[in-house]
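Asks: Between the sequences and the hints, there should be enough to build the whole structure, so can you do that?
If you read the protein sequences in the order shown, they are chains A and B.
Counting from 1, one number per residue, gives the positions in the first sequence under my numbering.
Counting from 1001, one number per residue, gives the positions in the second sequence under my numbering.
Note that these hints are calculated values from the structure, not bench results.
It is possible that part of the hints are untrue.
DSSO-like mimics (lysine-lysine), calculated; alpha carbons at most 30 Å apart, straight line [claimed, not checked]:
#, chain 1, residue 1, chain 2, residue 2
1, B, 1100, B, 1196
2, B, 1016, B, 1100
3, B, 1260, A, 196
4, A, 150, A, 196
5, A, 51, A, 100
6, B, 1260, A, 150
7, A, 260, B, 1100
8, B, 1100, B, 1087
9, A, 87, A, 16
10, B, 1196, B, 1087
11, B, 1150, A, 260
12, A, 150, B, 1150
13, B, 1196, A, 260
14, A, 87, A, 150
15, A, 87, B, 1196
16, B, 1100, B, 1150
Covered stretches of chain B (chain A as the covering partner; in silico rule of three or more C-beta atoms under 8 Å from a C-beta of chain A) [as the list claims (entries may be wrong)]:
#, stretch
17, 1154-1165
18, 1218-1228
19, 1231-1244
It should be emphasised that the depicted structure is a prediction, and the values quoted were computed from it without experimental measurement.
Ideal placement from N, C-alpha and C gives every residue a C-beta, glycine not left out.
Protein chains: 2
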Amino acid sequence: MVQPEFRGAIEAGGTKFVCMVGADPAHILAETRLPTTSPQETLPQVIQFFKPFVGSGQIKSLGIGSFGPLDLRPDSPTYGWITSTPKPGWQNVDLVGLLKRELDVTVALDTDVNAAALGEQHWGAGQGYDPILYLTIGTGIGGGYILGGKPLHGLLNPEMGHLRLPHDRSADPFNGVCPFHGDCLEGLASGPAITKRFGLPAEIIPDRDPFWELEAGYIGSALTTFILTLSPERIILGGGVMHRSFLFPLIRQVVREQLKDYLQHSLLTDRIDEYILPPGLGDRSGILGAIALAGQ
Amino acid sequence: MVQPEFRGAIEAGGTKFVCMVGADPAHILAETRLPTTSPQETLPQVIQFFKPFVGSGQIKSLGIGSFGPLDLRPDSPTYGWITSTPKPGWQNVDLVGLLKRELDVTVALDTDVNAAALGEQHWGAGQGYDPILYLTIGTGIGGGYILGGKPLHGLLNPEMGHLRLPHDRSADPFNGVCPFHGDCLEGLASGPAITKRFGLPAEIIPDRDPFWELEAGYIGSALTTFILTLSPERIILGGGVMHRSFLFPLIRQVVREQLKDYLQHSLLTDRIDEYILPPGLGDRSGILGAIALAGQ
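Replies: Structure follows, in structure tokens:
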């Protein structure tokens, strides 16, 4: 039997760091969750978790999917840093440099959504498809796009959450919550946008509330744009808001209506329920994607 | 001296076929323009043009940038066909099959805009950059995106011209001319949209007409979306409407205002005049791109 190749993986989020040692979803050696407090407190705990696996020679590489913004330009002097994040204490943290120094492993860093997209392409709903798009709709909205097996970076990381959408203020006078753009996609449809509309957490808005039609309209409208520009073979929607699974058929319907049969492909018409999908890895796309990232 | 490697190139358009034998912009052996009438009439003339160069062994490959829609899925039984085009007589024409058979050369086909994008990356304003986006704004609106030196296809060719935009009907009550979507980007901002608005050809609308602010608004709004999704290193705007060069500064201003400094890169702020550019190859991006395509 061939021994699976273990790797270290970190999903660095605003509230917790998930750390894992594994080879794939079926071969996981160890896992822990650490609260995201300050870099001075959290990062030493992360290092402590991985040290024994490095010492024993079980892992030689580490993949990180992280909140951002991140500097991912390989030729930049601040490559591998968390840069201008609003999260207190985490500005200008040299994540890659620190972990490389302390653990003496190769370190691959990407955004949380790119890692999740990679995880879904390796072992989830995107398996066998390329390009794919993974979109998370939760505290924020962000997209990861994988083409040729690699996350798209380009000039900067794509910031799909800040897409401007048609916004009919007579049907929906809500101004949005994005501090930069007001009523961009994230401003209109993220978890905090829902909370602001209702003055109540999104989780307790009932399924039958007519608001969800509006929510599906914004998400569907964004997906139409992503289809026209990125032409993914599959779209995967994750994040807290998408736990409301009744949103999927509503969103698919919006996309069909907006494309109006212009693009001739059965996946965009009759078979759209095979095209716009929940994550195959549930809430583990990101951490498992970090394992895939470590192998690149 | 090394002999340049000559290739055949076709830019297949709705009104003319440009045919060329060349190696690069500085080494062009022959060129002709043939009117696009019927396939029975036009294609034999195309074959006639290339035959002597094939017979003499000067060209072994042919690149085609064509109007569409095209079937570009390599595993499809109708690969290389012009499919459901509205152009009379040109539906279901096996362009690649015919030219391969008649000329006995390798044939590479892509959309007209992907060919133009490739031309600009090889020898024009996109030289040295990747990914790049080329957008043509003329009779139609279409985009070609090159990543890793190759045009993006995905599930279908991207159809960026049919992007839905914020459309404030109190500022602009025009319904748009797209038969599929009404007021999508092409419906609002293409040459035919301008002609319909004014009842006059776009060419004779004076530079000082306040309409151009609206036109720049729609184009700029679309570019903002493309930046947030595709993150190109350079954007090149070609096509008849963009011959109005005063549009460039207006469009750049719209993009700056819409991004609101959210994306921190000097190319999107102070240096935006180096970022959104006219084609380096003028109106020859497409035919020269077909030469590049033949070499892939």
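Asks: Give me the numbers of the hints this structure contradicts, sorted from smallest to largest.
Replies: 1, 4, 7 and 15
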